[in-house]
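Enquirer: Sequence:
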Amino acid sequence: MDQELVQYLEERFQRQEQGFNARFEEVNARLDERIEEVKRHTGVLVEGLRYEIQLVAEGFAVFVEGRYAQDQANIAQQFQETRALIHLS
48 MDQELVQYLE ERFQRQEQGF NARFEEVNAR LDERIEEVKR HTGVLVEGLR YEIQLVAEGF
108 AVFVEGRYAQ DQANIAQQFQ ETRALIHLS
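Residues in the sequence shown are numbered consecutively from 48, following the working numbering.
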């Protein structure tokens with residue numbers, strides 16, 4: 048090959064490589080922005096879920112406490128009825 052052709056091809060490949068590098072940098076920058084956006088959105092979703100789970104846990108605790116009080120009252124009533132039956136016999 049003659050020197051001019053070699054020089055032309057080298058310059059051409061360098062321009063192509065620079066174009067590819069610029070394009071990849073642009074794509075990487077956009078990808079990084081998108082990843083950060085997804086991270087922020089995920090953080091917001093997680094915080095919302097934590098709040099909802101806390102509400103469910105509080106509601107369940109209230110239910111369990113109420114149910115426990117009802118069960119204790121029923122047990123006490125049954126105990127009194129049993130004692131009354133024992134005293135009658």
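One or more hints might be untrue.
Derived CB-CB ranges, DEER-like [said to hold, decoys possible]: (1) Q119 / E83: 49 to 57 Å; (2) F67 / E99: 41 to 49 Å; (3) Q125 / Q101: 30 to 38 Å; (4) E112 / L92: 26 to 34 Å.
None of these hints come from the bench; they were simulated from the model. All figures in this text were calculated on a predicted structure; none of them were measured in a lab. Note that the Cβ used here is the ideal one computed from N, Cα and C, for glycine as well.
Enquirer: Each of the hints needs a verdict: does it hold here or not?
Expert: Hint check:
{"no.": "1", "hint": "Q119 / E83: 49 to 57 Å", "verdict": "holds (54 Å)"}
{"no.": "2", "hint": "F67 / E99: 41 to 49 Å", "verdict": "holds (47 Å)"}
{"no.": "3", "hint": "Q125 / Q101: 30 to 38 Å", "verdict": "holds (36 Å)"}
{"no.": "4", "hint": "E112 / L92: 26 to 34 Å", "verdict": "holds (30 Å)"}
Comparing the model with each earlier hint shows no violations; every hint is respected.
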